[in-house]
Amino acid sequence: MEISLRINGSAETLEVQPQVSLLDALRDQLGLTGTKKGCDQGACGACTVLSDGARITSCLALAVQYEGHEITTIEGVDHPLQEALVRADGLQCGYCTPGQICSAIGMLAEHKEGMASAVTEDDEVDELDEEEIRERMSGNLCRCGAYNGIVEAIKEVAG
Amino acid sequence: MPFSYLSAPDVETALRAVADDEDTKLLGGGTNLVDLMREGIERPAKVVDITRLPLGEIKNLPDGGVRVGALVRNSRLAADHLVRTRYPVLTQAVLHGASAQLRNMATVGGNLLQRTRCLYFYDGAAACGKREPGSGCDAIGGFSRNSAILGTSEHCIAAHPSDMAVALAMLDAVVEVRSVRGTRRVPIAELHRLPGDTPHVETTLATDELITAVELPAVPVAANSRYRKVRDRASYAFALVSVAAALGVEDGTVTAARLALGGVGTKPWRATEAERVLLGEPATDEGFLRAADAELAAAATTPHNHFKVELARRTIVATLRRLVPDGRDEESTI
Ligand SMILES: Cc1cc2nc3c(=O)[nH]c(=O)nc-3n(C[C@H](O)[C@H](O)[C@H](O)COP(=O)(O)OP(=O)(O)OC[C@H]3O[C@@H](n4cnc5c(N)ncnc54)[C@H](O)[C@@H]3O)c2cc1C
Ligand code: SF4
Ligand code: FES
Ligand code: FES
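Chains as they are written, first to last, in the numbering used here: chain A, 1 to 159; chain B, 1 to 334.
Treat the hints loosely; a few may be bogus.
Stated by the list, open to error - Calculated pairs, BS3-like style, for lysine-lysine (alpha carbon to alpha carbon, straight line, at most 30 angstroms):
(1) Lys112/A with Lys37/A
(2) Lys112/A with Lys155/A
(3) Lys37/A with Lys155/A
(4) Lys46/B with Lys37/A
(5) Lys59/B with Lys112/A
(6) Lys25/B with Lys46/B
(7) Lys59/B with Lys25/B
(8) Lys25/B with Lys37/A
Don't read these hints as lab results, they were simulated from the structure.
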């Protein structure tokens, strides 16, 4: 099937089989290998991209379902969080990092919109403290355990 | 997993596509179906994408209830102002499920119909009557830490995985369903089936029925409601035990009580026995414990999941205590 997507601001047309995930389409057909495949089951967050600004796991997204959507991958990101992560030692091998960054950008937008999290008490959405950041980022695993640095970097750009 | 794909432009097209061919599956956010297709557990010949159907709205109902379109994403449901104020238990239940990425994709209809996380259901080499009708059940006598203790049968003990559905069960939600034959309304308690001797038949829906909406009735006591979930890690894991509760208390006596359990039932478990005991009783830990015990008396456990009985007792008491006016900071008295 032929589909059109906007990826990092430019219009792309590609030929995909219905079973091809957005993740595989990005990596294998468009050569955008910044987005990583960890589990391919929605469980690790390495494949996180933004679809119309909302973070999604691209491994469970069929590419054909995203026809017409605006997709942002790490290749299209230019955000202060990137420098902050380097400063805070928020990575080791770096495999989870593109997903962490896309996820954090989506998360900051959700927070700005006033969306609560599972640890928000009495529905009062306040500033992003460490507990809030950890809960809101729990969909992104880091096998190297760089969580402390990741949280610190996010806190820096959020506050 | 080759299959053909159709993006349905309107409800009628989607209904006709599923009516014409039993081997056709509806595709919502895809977070469960795509995974199960990749594992070879679901093998539809055709997939009908319903995410472009105009079923994505949340509306205020004249009687004080709320109507939620079946394609509302889980994150939007949790963030909705009406839902947050009238049914905090529902917002909390949704936010306690999966991850933010998955909630942005998952739809209300898909969440209701997501399939079990039983390990043997996912393991193609194992015996599982839910996956292969009549093949037995390796969870019984196997690794059953995550399995249910209520509503089980000798054919299947799989726990229902949804958090959202537990809150919907507590709220007496009504599921609106459409097919080429017309529209019908299914009370949530009648949507999911107990496994009995046909664990592969999970709901009362026909294969050609589309969930179009979920209606929440006016439940005034739900303004004082909570969801509490206990799991193996602090976030992003399925429930071992979860509790959805709403409580009305006057002069120390329970005047209204609603309770539903997750992680312990083969379907989202409305705890009607416990509710019966609670009503008219003093709103104390001792009363809450009696209610919990009444519900859990029917529990059938395995050596691996026996701990869920005690865990459920404590979680029920802890959740209810938080709903007693001024009870939130008090220490347990039991
Ligand atoms: C890693 C991971 C962790 C998770 N953790 C949790 C958790 O902690 N708690 C929890 O509750 N859930 C959890 N989930 C499950 C998640 O909530 C479900 O996958 C999601 O809600 C399914 O919604 P969907 O729209 O993506 O469904 P889909 O995958 O699109 O569909 C699921 C099923 O519903 C059918 N369907 C979809 N929409 C309709 C409709 N309108 N009418 C009729 N049939 C329909 C489909 O045909 C399919 O059979 C987790 C999932 C993953 C991958
Ligand atoms: S408990 Fe149910 S889903 Fe799990 S193996 Fe047994 S039959 Fe299959
Ligand atoms: S690769 Fe998509 S969540 Fe792990
Ligand atoms: S930096 Fe290695 S997985 Fe996170």
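Here's how the hints hold up against the structure:
With a CA separation close to 29 angstroms, the supplied pair Lys112/A and Lys37/A stays within the 30 angstroms bound. The suggested pairing of Lys112/A with Lys155/A holds, with an alpha-carbon distance near 14 angstroms, which does not exceed 30 angstroms. Straight-line distance between C-alpha atoms of Lys37/A and Lys155/A comes to about 26 angstroms, which keeps the hinted pair within the 30 angstroms bound. Among the hinted pairs, Lys46/B with Lys37/A is consistent with the structure: their alpha-carbon atoms are about 26 angstroms apart, no more than 30 angstroms.
Our distance criterion of 30 angstroms between C-alpha atoms is met by Lys59/B and Lys112/A, whose separation comes to about 24 angstroms. For the suggested pair Lys25/B and Lys46/B, the alpha carbons sit about 6 angstroms apart, so the restraint of at most 30 angstroms is met. Our distance criterion of 30 angstroms between C-alpha atoms is met by Lys59/B and Lys25/B, whose separation comes to about 27 angstroms. This hinted pair checks out: Lys25/B and Lys37/A have alpha carbons roughly 26 angstroms apart, not beyond 30 angstroms.
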